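Novice: One letter stands for each residue in the lines below.
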Amino acid sequence: GNSVTQMEGPVTLSEEAFLTINCTYTATGYPSLFWYVQYPGEGLQLLLKATKADDKGSNKGFEATYRKETTSFHLEKGSVQVSDSAVYFCALRGSGNTGKLIFGQGTTLQVKP
Amino acid sequence: EAGVVQSPRYKIIEKKQPVAFWCNPISGHNTLYWYLQNLGQGPELLIRYENEEAVDDSQLPKDRFSAERLKGVDSTLKIQPAELGDSAVYLCASSLNSQETQYFGPGTRLLVL
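So the protein sequences, as listed, match chains P and C. For what it's worth, our numbering labels the leading residue of the first sequence as 1, then goes sequentially. For what it's worth, our numbering labels the leading residue of the second sequence as 114, then goes sequentially.
Source of the hints: derived by calculation from the structure; they are not laboratory data. All values reported here derive from a predicted model rather than from experimental measurement. Think of the CB as a built atom: it goes at the ideal place given N, C-alpha and C, for glycine as much as any other residue. You may find that some hints are simply not true.
[What the hints assert, rightly or not] Output of the computed footprint for chain P on chain C, the stretches with three or more beta carbons under 8 Å from beta carbons of chain P:
hint	segment
1	150-164
2	208-221
[To be verified] Beyond 12 Å from chain P on every Cβ pair, some chain C residues (computed):
hint	residue
3	Gly116
4	Val132
5	Trp135
6	Ser171
7	Pro174
[What the hints assert, rightly or not] Quick list of simulated restraints, FRET-style, between CB atoms:
hint	chain 1	residue 1	chain 2	residue 2	range
8	P	Pro113	C	Leu183	44 to 52 Å
9	C	Leu226	P	Asn59	34 to 42 Å
10	P	Thr12	C	Gly116	28 to 36 Å
11	P	Tyr39	C	Asn151	17 to 25 Å
12	C	Pro121	P	Thr5	17 to 25 Å
13	C	Ile125	P	Thr70	43 to 51 Å
14	C	Ser179	P	Thr70	15 to 23 Å
Next comes chain C alone, as it looks inside the complex (with noise of 0.2 Å):
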């Protein structure tokens, strides 16, 4: 079975330019995540989804940063426009639902010069 699939896996781009990130979650599983990583640190969750509907965003920096999950699938998260403080790692995870194992893909590395 594939896990979670993530690209671009690495991404350099000038601060004020905007950036988009990936996510296809195992199938079947209905619940997906997206996590920051910063350097040293454990992940944090932006954006939970069940299902398309976006069910917990409160920690999602809406002035910048939006994401979709069109039909319910693959999941996109964007920066725009992305500042030297948004170089971290991009998590996505997804789970059956959401008391179930989280399965995380080997994430993004976006590096913001």
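Okay, chain P solo, but in the shape it has when bound (with noise of 0.2 Å):
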């Protein structure tokens, strides 16, 4: 069946530092696949998707490009700030149309100033 692997947190970095959280994905056909962020207290957010091969997703400064030869889809950021302090999830959703997202289990990320 489907699913997600995401590295183990938590990745605890400084202001400024380069971010990569990797992520890789088992999946029949051509998935879709997200980055979810979720801020402490509140709810999943969409950070940014991709939905083919060799697409790049970008919102806020991080970007993820959607491999398909190593069927990965890994988060990065130049520049972290204290404020992207949260909890990562990427998530695939199936070729078919069931709408069903499989996640990972996420990776916090504390920025320390």
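Two chains, two frames, a set of hints: combine them into the complex.
Specialist: Here it is as structure tokens:
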């Protein structure tokens, strides 16, 4: 079945450091890929998405590229801020018409001033 | 535009008691989802509605869980009786249809004692 694997956290960085959170997936067909972010005390928010191979999703300085050859969708940001501290979830939606999102276990990011 | 509304935000009950959660999706969104999020894990789909029809409830433990979406708008999720292992966050999400972006509510955090 479909699945998503994320790097384990927590990830602790200093402000302005470079961020990478790894995400790999297993799926049949051509899934859509997502990154959601969950700030403390809030619900999940869509950060970015990519719906086909080689697409790059971007938002708020974050980027991720859909790599079908490596089945990966790693999240990157060139310079993190304290306000980026949150839990980040990688997710996929299968190529069927189910709408079901399958999430990774989440990676906690803590950015220190 | 108002987001997905859930209530209550927090609920503490004793085991074997019933509990219900309520969700009001974004106006005009036909698809509604209930997800379960255990501590330190990503959300897992419990049930998906297309309008008032439950089209995917394969992950809903039907011996104690039930859900309804009367009139295809608001939805309730019920547990009766609750067990200690039901302690988790219950998330509601909605989307225009099953292929569009899912927007999440803040969740209901349930603690069963």
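Novice: Next step is simple, just say for each hint if it's right about the structure.
Specialist: Here is what the structure says about each hint:
no.: 1; hint: 150-164; in the structure: holds (count 7)
no.: 2; hint: 208-221; in the structure: holds (count 11)
no.: 3; hint: Gly116; in the structure: 8 Å, violated
no.: 4; hint: Val132; in the structure: 20 Å, holds
no.: 5; hint: Trp135; in the structure: 15 Å, holds
no.: 6; hint: Ser171; in the structure: 10 Å, violated
no.: 7; hint: Pro174; in the structure: 17 Å, holds
no.: 8; hint: P:Pro113 to C:Leu183: 44 to 52 Å; in the structure: 50 Å, holds
no.: 9; hint: C:Leu226 to P:Asn59: 34 to 42 Å; in the structure: 40 Å, holds
no.: 10; hint: P:Thr12 to C:Gly116: 28 to 36 Å; in the structure: 30 Å, holds
no.: 11; hint: P:Tyr39 to C:Asn151: 17 to 25 Å; in the structure: 19 Å, holds
no.: 12; hint: C:Pro121 to P:Thr5: 17 to 25 Å; in the structure: 34 Å, violated
no.: 13; hint: C:Ile125 to P:Thr70: 43 to 51 Å; in the structure: 45 Å, holds
no.: 14; hint: C:Ser179 to P:Thr70: 15 to 23 Å; in the structure: 42 Å, violated
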